[in-house]
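Trainee: The chain contents come next:
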Amino acid sequence: MALTGIEIYKFLPKTNCKKCGFPTCLAFAMKVAQKTVNITTCPDLSAESRAALEAAGRPPIQLVTLGSDSKKLEVGNETVMFRHEKTFFHPPGLVLRVKDNAPADSLQQQVQAAAEYKVERVGRFLTMDGFAVENTSKDAATFAKAVEAVKSKSDLPLVLISQDPAAMEAALAKATPGRPLIYAANKDNWEKMADLAVKNKCPLAVSSNGALDDLTALVDQVSKKGIEEIVLDPGARDFGPSLSTLTQIRRLALKKNFRPLGYPVITFPGEAAASLDTEAMLAAQQVAKYAGIIVLDHFSPALVYPLLTMRLNIYTDPQKPIQVTPQIVQIGTPKATSPVCITTNFSLTYFAIAGELEAAGWAAWLVVCDTEGLSVLTAWAAGKFDAEKIAKSVKNFKIADNVSHRNVVIPGHVAVLRGELEEELPDWKILVGPREAVDVGGFLKQNWKN
Amino acid sequence: MPVEIPVEKWNGQVHQVKLGGAGGRKELVVGGENTLPFLKFEGNIPHRPAVAIEVVDQPPQGWAEPLVKAWGNVLQDPAAWAKKAAEYGADLISLRLRSAHPEEGNTGADHARKVVAAVLAAVDLPVIVLGPEVAQKDNEVLVAASEVGRGQRLGLGDCLDKNYRTIGATCLADGHVAIAKTPIDMNLAKQLNILLSDLGLPLDAILMDPTTGALGYGLEYTYSVMERLRITALMGDKMTSPPMICTAGEESWRQKESKATAGVPQSWGEQEQRAILWEKITAIGLLNAGANVIVLRHPRTVEDVKAAINKLSA
Ligand code: SF4
Numbered sequence: 196m197a198l199t200g201i202e203i204y205k206f207l208p209k210t211n212c213k214k215c216g217f218p219t220c221l222a223f224a225m226k227v228a229q230k231t232v233n234i235t236t237c238p239d240l241s242a243e244s245r246a247a248l249e250a251a252g253r254p255p256i257q258l259v260t261l262g263s264d265s266k267k268l269e270v271g272n273e274t275v276m277f278r279h280e281k282t283f284f285h286p287p288g289l290v291l292r293v294k295d296n297a298p299a300d301s302l303q304q305q306v307q308a309a310a311e312y313k314v315e316r317v318g319r320f321l322t323m324d325g326f327a328v329e330n331t332s333k334d335a336a337t338f339a340k341a342v343e344a345v346k347s348k349s350d351l352p353l354v355l356i357s358q359d360p361a362a363m364e365a366a367l368a369k370a371t372p373g374r375p376l377i378y379a380a381n382k383d384n385w386e387k388m389a390d391l392a393v394k395n396k397c398p399l400a401v402s403s404n405g406a407l408d409d410l411t412a413l414v415d416q417v418s419k420k421g422i423e424e425i426v427l428d429p430g431a432r433d434f435g436p437s438l439s440t441l442t443q444i445r446r447l448a449l450k451k452n453f454r455p456l457g458y459p460v461i462t463f464p465g466e467a468a469a470s471l472d473t474e475a476m477l478a479a480q481q482v483a484k485y486a487g488i489i490v491l492d493h494f495s496p497a498l499v500y501p502l503l504t505m506r507l508n509i510y511t512d513p514q515k516p517i518q519v520t521p522q523i524v525q526i527g528t529p530k531a532t533s534p535v536c537i538t539t540n541f542s543l544t545y546f547a548i549a550g551e552l553e554a555a556g557w558a559a560w561l562v563v564c565d566t567e568g569l570s571v572l573t574a575w576a577a578g579k580f581d582a583e584k585i586a587k588s589v590k591n592f593k594i595a596d597n598v599s600h601r602n603v604v605i606p607g608h609v610a611v612l613r614g615e616l617e618e619e620l621p622d623w624k625i626l627v628g629p630r631e632a633v634d635v636g637g638f639l640k641q642n643w644k645n
Numbered sequence: 002m003p004v005e006i007p008v009e010k011w012n013g014q015v016h017q018v019k020l021g022g023a024g025g026r027k028e029l030v031v032g033g034e035n036t037l038p039f040l041k042f043e044g045n046i047p048h049r050p051a052v053a054i055e056v057v058d059q060p061p062q063g064w065a066e067p068l069v070k071a072w073g074n075v076l077q078d079p080a081a082w083a084k085k086a087a088e089y090g091a092d093l094i095s096l097r098l099r100s101a102h103p104e105e106g107n108t109g110a111d112h113a114r115k116v117v118a119a120v121l122a123a124v125d126l127p128v129i130v131l132g133p134e135v136a137q138k139d140n141e142v143l144v145a146a147s148e149v150g151r152g153q154r155l156g157l158g159d160c161l162d163k164n165y166r167t168i169g170a171t172c173l174a175d176g177h178v179a180i181a182k183t184p185i186d187m188n189l190a191k192q193l194n195i196l197l198s199d200l201g202l203p204l205d206a207i208l209m210d211p212t213t214g215a216l217g218y219g220l221e222y223t224y225s226v227m228e229r230l231r232i233t234a235l236m237g238d239k240m241t242s243p244p245m246i247c248t249a250g251e252e253s254w255r256q257k258e259s260k261a262t263a264g265v266p267q268s269w270g271e272q273e274q275r276a277i278l279w280e281k282i283t284a285i286g287l288l289n290a291g292a293n294v295i296v297l298r299h300p301r302t303v304e305d306v307k308a309a310i311n312k313l314s315a
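So the protein sequences, as listed, match chains A and B.
Okay, so the first sequence: first residue is 196 according to the numbering used here, each after it adds one.
Okay, so the second sequence: first residue is 2 according to the numbering used here, each after it adds one.
For the record, the hints were derived by calculation from the structure and aren't laboratory data.
Just so you know, these numbers come straight off a predicted model, no measurement behind them.
Some clues are possibly wrong.
Below, a list of computed lysine to aspartate or glutamate pairs in the DMTMM-like style, where the Cα atoms sit at most 20 Å apart [stated by the list, open to error]:
#  : chain 1 : residue 1 : chain 2 : residue 2
1  : B       : K257      : A       : D409
2  : A       : K451      : B       : E251
3  : A       : K313      : B       : E9
4  : B       : K84       : B       : E134
5  : A       : K387      : A       : D409
6  : A       : K450      : B       : E9
7  : A       : K450      : B       : E5
8  : B       : K312      : A       : D409
9  : B       : K163      : A       : D433
10 : B       : K307      : B       : E271
11 : B       : K260      : A       : E280
12 : A       : K515      : B       : E251
13 : A       : K640      : B       : E271
14 : B       : K312      : A       : E280
15 : A       : K644      : B       : E104
16 : B       : K257      : A       : E466
17 : B       : K138      : A       : D634
18 : B       : K260      : A       : E553
19 : A       : K451      : B       : E43
20 : B       : K138      : A       : E631
21 : A       : K281      : B       : D186
22 : A       : K450      : B       : E43
23 : B       : K41       : A       : E631
24 : A       : K644      : B       : E28
25 : B       : K257      : A       : E553
26 : A       : K640      : B       : E43
27 : A       : K640      : B       : E105
28 : B       : K10       : A       : E280
29 : B       : K307      : B       : E105
30 : A       : K451      : B       : E5
31 : B       : K307      : A       : D433
32 : B       : K163      : A       : E466
Start from the sequences, fold in the hints, and give me the full structure.
Mentor: Next comes the structure, spelled out in structure tokens:
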């Protein structure tokens, strides 16, 4: 949240001493707001005012970055409670927890499988974001070795889990540079953990199982050490506490501008779950309801594919619908006699019609027209789905080269386009299909002679 | 300094809707909350979301293998299926009269009467009856179902903008609840509630079906329309205040991710686990967006979703 000149002015000494080179403090403040001059140019600004100014200028939820520049994970900096209010910006990191006392080869196998995993959806590759190495052995050397082993198989960001500052220090020696998240400072070890975070320039997680008061106190303490990138673990684990507590933290940050809790939250769905599926369900809830980093205890393609899909859905910008590339899509293995259907490149429309054709067992040629990501009716109303456009797609995609017939099905909602379309496509017979995708199977059964 | 927990002051609340509770049928009440889903620290949530299991009036065509395996023989017999569903912990039954579809049997009112009577006799749970999703046939079989279940406060759907007069009047006459379905749009949902109210149907006899997009197939649209509907209701808009019902099972099991046994990328993982999780995650997402009734298909989904609801409501 960038501050205005007036807001910055409030923090200045207001002496108009001109040492900054500007005639007044206000003039200086205006230039700072425009970012043409740095705040440090005022020699009389007290350290306290500067800290207050910086705090006021940072976003209500701090952006936290893990990992190296080439493989970084950015979480936080969210601005709304509900995605429809604007959008959610930084998808929560999904990281897999591995234990340092696991046999080296099994550990490396786990890491390799998760690190190499990728799945394609709407033209994007979805992947895991990192690993959390836990000091289960309670031994510093074992911990450091495990970090080395993980790093030998993956350059994804790391979370280092240990309550013991000595073990943490040993692991950090292997993990830096690369900005791992240090997990975690608690009420007993916070001072040493904070020092490690400062020294290694790493983000620091703080954890407290008690009320939010304790967590707040802890954040205050580590902040005073100069740590800016903090991740919160409020200790809420199961479905109910996770939803309530994470909602409260998000609200405090966004609605009350409550600085001490203006940080992303880390969750551990596996700790409350009795089964793999429950872990995935809880993680899915946390994708929607306010987690910044989600530490999974299990990895398998069948578990993470739905979860990554959930994340893609929830973090899609509601103002910018995902578009499908305009093209001819083959549903099943269409033949020269298979139906030709017209649709828009709004992803939901496309998926609905493609799904229904598939579900009804039809092989078909689906002509996806460029409607700039609008649905049938909206695109038609906006003049982006008219006879001319459809005719152009039919011609440009050369669908006639693929089929032996000359019948094309248009969506029922644009039945009015039939006449015009017959003029634009004189060789083709225009069939008006159903209004809803769900009826396309029945429609073809009745109207399409193979 | 103690942290003050921020609490929203809502003026409105979700209507309470009763299903069953008469004619020997168990009573189920949903809705009534005056806060967002499961936020007990800020409001009153008198009734937890209910789990319905979908039963079809004829052996379903094209159902995915894990479903067929889980239900086995009862797929042949809707009454036995409903009984089994009750054993698996359903709070209510959602009976789909698929055989009335012109393409899938084209049965009529007589058959509908028989099936509905058989299911009502088999279980004492509340029952929702849904037509084949073809307007005239919907009207025919739902009116028949309504007569059979007169006074037992069934749910009847889909009640759409094109047939709301018939379904609304039938619900009014026989004391049922209309399942008012609109295509993922807040204003259309509200509009249909207004039309039904104008017809004389009280808001506590409506469940809104905002149309479910499955995980990966429009879930985010349904999710956000539901959040907007719920927030509007809590801000005091009566016409968006009926409880919401989501057909998570039907939608997620239609998708390739649930059905495909072969020829899919390895990164999709093992089919049965993926398919069931697809349904579970669709369900947990929609429950967090405000679903009051969630209609499911797989028994293991029912088990886990019920457990999650219990934990969220504890
Ligand atoms: S140096 Fe600082 S105090 Fe002096 S005029 Fe500039 S802003 Fe004001």
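Trainee: If any of the earlier hints don't hold here, list their numbers in rising order.
Mentor: 1, 2, 3, 4, 8, 9, 10, 11, 12, 13, 14, 16, 23, 24, 26, 29, 32
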